[in-house]
Amino acid sequence: MSKAEILIIDDEPQIRKLLEINLESNGYKVLQAATAKEGVIMAANHPPELILLDIGLPDKSGHEVLKELRTWFNKAIIILSVQSSETDIVIALDNGATDYLTKPFRTGELLARIRSCIRRNNTNEKNSLLTCGNLQIDLIARTAKRNNEHLKLTATEYNLLSLFAKNEGRVLTHQYLLREIWGVGYQTETQYLRVFIGTLRKKIEDNPNQPKHIVTESGVGYRFN
Amino acid sequence: MLFAVLCFFSVDFIGYRAVALILLLVVSVNAILFDIFPVLLSAFLSAIIWNFFFIPPILTFHIGTPEDGLMFLMYFVIASINAVLTYKIREVERKERDEEEKLKTIKLYNTLLNSLSHELRTPVSTIIGAVDTLKESKDKLSPTNQTELLSQIDIASIRLNRQVENLLNMSRLESGMLKLNLDWCDLNELIFSVMQKLSPTNGKHKIVFNANENLPLFKLDRGVIEQVFHNIIYNAIQYTPDNSKIVICASHQSDNCVVSISDSGNGFPETEMQNVFDKFYRLPKSKTGGSGLGLSIARGFIEAHNGKIKLENNKEGGANFTITIPAETSFINNLKNV
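Listed in order, the protein sequences are those of chains A and B. Positions 1 to 225 (my numbering) are the ones given, in order, by the first sequence. Positions 1 to 338 (my numbering) are the ones given, in order, by the second sequence.
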């Protein structure tokens, strides 16, 4: 398989250099753009496997670039933002960002996110049997197992778990989860979500107080691993 | 006015000219108590009142003798001078106070800069020093030392990042830009996740939290409240001896969410307790590192939720922080089959 191409759109040369060295030494081919305009043109001329997009660009807001790219680009876009900007992150995810990283981030975290995004680009979601660590979810039989033991889940718990499993490694916003599980009109009813996350964790986690599968992303949503 | 009425009835005993002195006294007292305009007004009114009610012929503005005319004029002028002089004295005092305030701010600013430059420069120096050593004497360094330098850079940059976060949070608070993003929070889960995030920095402390299963959901800004608990627990880890125990309790008391964080350290000296939440304040002789911002940010974030934080020393030793935040609650989590 040829090297996966990653386009970096960030105005900071230092960050670009760091990402370039890092990604190239991990077997990716790196393309770089310092402005929104340049980035969009590069992506259009030669669509990459994944785009790393900085939210704070000089010529245009990253949110605008994201919306523009999403009209035709359907592969992964990871947003880079600064800390304490949950609102920015939620907006970006709702506008179709695949994932996000807050600066400063750890290299290990970056590579894990990239791997997970690229893997999702290439799976055709036809698999009806999903495995996540010690969990197994059978989408056709609508059943789930933990350590090969059958889990007793309510319909809502199962729906939540299977939605998570289909989006393994990806952060899902509160709004998205509420809309998908409870339907339009429930987007602000986060208390339901809290309750079901709590009961689901008790059933699937080894230690519900230190969850490994359903991890809270403060102010944003949940990530399933 | 009241004095004028009193004088009106006693004018027979003291004479109308003495009344003028009494009224003048009242105007002087007013000058001490009130601002320039009410005082000038009272000087003017009292002159009129004196003329109308006391100078014969009374109940007219007519003045009988040239002597009384002079008295009336003098009265008015003295009352006005009185008012203006008092006002001027007060102006001078105000200026002095402002100056003092300014000096205090400058002093605070200097302490701020000192503690801050130390807190920011130490990690920066470490990073620059370690990078130079790695660049220039790479061949002379043993692999162990190279790894050691890299981990020093790592520690320094985490420390630098923490201080930057602190400063950003402080400026969010001070600029009034902090907008709470209230949402339903599972407080047990929130506290466990703070503990999980702190576990890498915590080597030798025992942090105990028994989840309270009867808690409702609270409407809070999760990110902000996480920071509050993080700062207080982090503080306890930093400033209590190794192997100290930190106990967290969460409860629900009449629409308040109440969390106490108690440690088995040495507690705070009684005399310092009121300063602990002040910006940039650090206990005298406390160990190096730390900006004196953590607890002050914690208090600011709690107050942004209209809550309170109280610090006490435990009878059996150690400090106890109690946080009380009024919050909307939902008991939906205690219903079966929602």
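Treat each hint with caution, since some may be false.
[Stated by the list, open to error] If you want a taste of the chain B side facing chain A, the calculated C-beta under 10 Å gives, among others:
#	residue
1	R159
2	N161
3	M170
4	E174
5	S175
6	N181
7	D183
8	F192
9	F209
10	N212
11	N214
12	G223
13	E272
14	I332
[As the list claims (entries may be wrong)] Listed next, the in silico BS3-like pairs over lysine-lysine satisfying Cα-Cα at most 27 Å (straight line):
#	chain 1	residue 1	chain 2	residue 2
15	B	K219	B	K310
16	A	K103	B	K179
17	A	K212	B	K107
18	A	K60	A	K152
19	A	K17	B	K179
20	B	K197	A	K212
21	B	K179	A	K60
22	A	K3	A	K126
23	B	K107	B	K95
[To be verified] A few chain A residues facing chain B, derived, Cβ under 7 Å:
#	residue
24	P104
25	T107
26	G108
27	Q187
28	R194
29	N209
30	Q210
31	T216
32	S218
33	V220
The hints are simulated quantities; they were obtained by calculation from the structure and are not laboratory data. By construction, the Cβ of each residue, glycine as well, lies at the ideal position given by its N, Cα and C atoms.
Quick rundown of the hints versus the structure:
{"no.": "1", "hint": "R159", "in the structure": "violated, 12 Å"}
{"no.": "2", "hint": "N161", "in the structure": "holds, 6 Å"}
{"no.": "3", "hint": "M170", "in the structure": "violated, 12 Å"}
{"no.": "4", "hint": "E174", "in the structure": "violated, 15 Å"}
{"no.": "5", "hint": "S175", "in the structure": "violated, 13 Å"}
{"no.": "6", "hint": "N181", "in the structure": "holds, 6 Å"}
{"no.": "7", "hint": "D183", "in the structure": "holds, 5 Å"}
{"no.": "8", "hint": "F192", "in the structure": "holds, 4 Å"}
{"no.": "9", "hint": "F209", "in the structure": "holds, 8 Å"}
{"no.": "10", "hint": "N212", "in the structure": "violated, 12 Å"}
{"no.": "11", "hint": "N214", "in the structure": "violated, 14 Å"}
{"no.": "12", "hint": "G223", "in the structure": "holds, 5 Å"}
{"no.": "13", "hint": "E272", "in the structure": "violated, 30 Å"}
{"no.": "14", "hint": "I332", "in the structure": "holds, 5 Å"}
{"no.": "15", "hint": "B/K219 x B/K310", "in the structure": "holds, 21 Å"}
{"no.": "16", "hint": "A/K103 x B/K179", "in the structure": "holds, 22 Å"}
{"no.": "17", "hint": "A/K212 x B/K107", "in the structure": "violated, 49 Å"}
{"no.": "18", "hint": "A/K60 x A/K152", "in the structure": "violated, 50 Å"}
{"no.": "19", "hint": "A/K17 x B/K179", "in the structure": "violated, 35 Å"}
{"no.": "20", "hint": "B/K197 x A/K212", "in the structure": "holds, 13 Å"}
{"no.": "21", "hint": "B/K179 x A/K60", "in the structure": "holds, 25 Å"}
{"no.": "22", "hint": "A/K3 x A/K126", "in the structure": "holds, 25 Å"}
{"no.": "23", "hint": "B/K107 x B/K95", "in the structure": "holds, 18 Å"}
{"no.": "24", "hint": "P104", "in the structure": "holds, 6 Å"}
{"no.": "25", "hint": "T107", "in the structure": "violated, 12 Å"}
{"no.": "26", "hint": "G108", "in the structure": "violated, 12 Å"}
{"no.": "27", "hint": "Q187", "in the structure": "violated, 12 Å"}
{"no.": "28", "hint": "R194", "in the structure": "holds, 5 Å"}
{"no.": "29", "hint": "N209", "in the structure": "holds, 4 Å"}
{"no.": "30", "hint": "Q210", "in the structure": "holds, 6 Å"}
{"no.": "31", "hint": "T216", "in the structure": "holds, 6 Å"}
{"no.": "32", "hint": "S218", "in the structure": "holds, 5 Å"}
{"no.": "33", "hint": "V220", "in the structure": "violated, 9 Å"}
Going through the hint list in order, the structure does not satisfy hints 1, 3, 4, 5, 10, 11, 13, 17, 18, 19, 25, 26, 27, 33.
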